[in-house]
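Kindly produce the complete structure, drawing on both the sequences and the hints.
Count the sequence shown with numbering that gives the first Met the number 0 and you get residues 0 to 334, in order.
If you are wondering where the hints come from, they were derived from the structure by calculation, not from laboratory data. Please read these numbers as outputs of a predicted model, since none were measured by experiment. It is possible that some hints are incorrect.
Said to hold, decoys possible - BS3-like mimics (lysine-lysine), calculated; alpha carbons at most 25 Å apart, straight line:
{"hint": "1", "residue 1": "Lys326", "residue 2": "Lys237"}
{"hint": "2", "residue 1": "Lys138", "residue 2": "Lys322"}
{"hint": "3", "residue 1": "Lys274", "residue 2": "Lys203"}
{"hint": "4", "residue 1": "Lys6", "residue 2": "Lys309"}
{"hint": "5", "residue 1": "Lys322", "residue 2": "Lys97"}
{"hint": "6", "residue 1": "Lys165", "residue 2": "Lys228"}
{"hint": "7", "residue 1": "Lys266", "residue 2": "Lys228"}
{"hint": "8", "residue 1": "Lys304", "residue 2": "Lys266"}
{"hint": "9", "residue 1": "Lys221", "residue 2": "Lys139"}
{"hint": "10", "residue 1": "Lys122", "residue 2": "Lys322"}
{"hint": "11", "residue 1": "Lys280", "residue 2": "Lys221"}
{"hint": "12", "residue 1": "Lys98", "residue 2": "Lys326"}
{"hint": "13", "residue 1": "Lys68", "residue 2": "Lys97"}
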Amino acid sequence: MDSSPLKIVFIGRYTEGETGIVRSIQMGLLENGYQVHEINLKLRPHLIYNPYRRFGGHGPVYVKWPAIKEEVARFQPDILLFCAGGLTFQPEILEEVKKYCTVIGITLSDPDVYPTVRQFVGKFDYHTTNSVLSYKQYKKAGITNTFYMPFGIDSRFFIPREPVAKYQSDISIIGHYRPNRLEIAQSLQDIFQAKIFGRGWPLKSEGPVYGEKWFQAMHSAKMVVNFPKTGAGYTNVKVGVFEAVATGRLLFTEYFDEMRQFFEYDKEIVGYKNKEDLIEKIRYYLDHPDEAEAIARAGQERCAKCHTWKQRLHTFFSEITLKTPEKSWSDLLQS
Numbered sequence: 000m001d002s003s004p005l006k007i008v009f010i011g012r013y014t015e016g017e018t019g020i021v022r023s024i025q026m027g028l029l030e031n032g033y034q035v036h037e038i039n040l041k042l043r044p045h046l047i048y049n050p051y052r053r054f055g056g057h058g059p060v061y062v063k064w065p066a067i068k069e070e071v072a073r074f075q076p077d078i079l080l081f082c083a084g085g086l087t088f089q090p091e092i093l094e095e096v097k098k099y100c101t102v103i104g105i106t107l108s109d110p111d112v113y114p115t116v117r118q119f120v121g122k123f124d125y126h127t128t129n130s131v132l133s134y135k136q137y138k139k140a141g142i143t144n145t146f147y148m149p150f151g152i153d154s155r156f157f158i159p160r161e162p163v164a165k166y167q168s169d170i171s172i173i174g175h176y177r178p179n180r181l182e183i184a185q186s187l188q189d190i191f192q193a194k195i196f197g198r199g200w201p202l203k204s205e206g207p208v209y210g211e212k213w214f215q216a217m218h219s220a221k222m223v224v225n226f227p228k229t230g231a232g233y234t235n236v237k238v239g240v241f242e243a244v245a246t247g248r249l250l251f252t253e254y255f256d257e258m259r260q261f262f263e264y265d266k267e268i269v270g271y272k273n274k275e276d277l278i279e280k281i282r283y284y285l286d287h288p289d290e291a292e293a294i295a296r297a298g299q300e301r302c303a304k305c306h307t308w309k310q311r312l313h314t315f316f317s318e319i320t321l322k323t324p325e326k327s328w329s330d331l332l333q334s
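Here it is, written out as structure tokens:
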């Protein structure tokens, strides 16, 4: 790479709004000083062709190249980046676009979506996965273009905010309903009057929160509980861990080995074995606020030092080699 800023066309769909992971990655690109041309598919749904009716990160979900070809060519990117959502081009189009720039796909819902995305991500120049398990699965399947890039956070999450009275609580759950979360959530609401934010909960809930309301909800909680199981039942390090820790909340999550790569249990986050252990530890840290604050502060410092999207993306782009284009964007505009 030369010293000039990378020029990146960023194609993503912001299903979780301004505080969602896709926006956070885009912010990480900007924080690295890259020139970014954004194609926001939430605002431009007509650009999507979804013949298999796949959602939740499954794919392929095709982006209509003829509809964006001219704006991409005018920007003349070094990289075209599909951010999650099972997004790609139809195979013959992808091969043609790869003659003009390096094409990268980011998968954010592994291992749940591995069965469908494995069918096409090997065709990208480079691909990333959020899951150690899936990274091994791709390699075993002969897909050699995949890098492991764990979740991170952007700088907005470290900015202090004042709590909002209607959202204030000792303990909050910020996440959508799944059946395996119900028992713990019910107990935390019964014992601690926990606030619950998210879609689909059969309990008393504040509903989903996005954008500034998400920040208000998070900053109005003393402590936050994370559930590491995915929708398909895998135990995984989720982006919610980094979101909560970056805001300075004391985070509780289950003990599991992969988490130890990112945070030290009981020094930067708090682990729990089961519902009873979680309840006991919440009571302890409510009674010992200085200890709770010290752990939360240590976690936040570790997050800022080691787990930002700015760092993740810089490392990834340092590890890959952009290819020399076979064709010129200028020629495409003139054709």
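To see whether the hints hold, each was checked on the structure:
no.: 1; hint: Lys326 with Lys237; verdict: violated, 39 Å
no.: 2; hint: Lys138 with Lys322; verdict: holds, 22 Å
no.: 3; hint: Lys274 with Lys203; verdict: holds, 19 Å
no.: 4; hint: Lys6 with Lys309; verdict: holds, 16 Å
no.: 5; hint: Lys322 with Lys97; verdict: holds, 9 Å
no.: 6; hint: Lys165 with Lys228; verdict: violated, 29 Å
no.: 7; hint: Lys266 with Lys228; verdict: holds, 22 Å
no.: 8; hint: Lys304 with Lys266; verdict: holds, 16 Å
no.: 9; hint: Lys221 with Lys139; verdict: violated, 43 Å
no.: 10; hint: Lys122 with Lys322; verdict: holds, 15 Å
no.: 11; hint: Lys280 with Lys221; verdict: holds, 14 Å
no.: 12; hint: Lys98 with Lys326; verdict: holds, 6 Å
no.: 13; hint: Lys68 with Lys97; verdict: holds, 13 Å
Checked against the numbered hints above, the structure breaks hints 1, 6, 9 and satisfies the rest.
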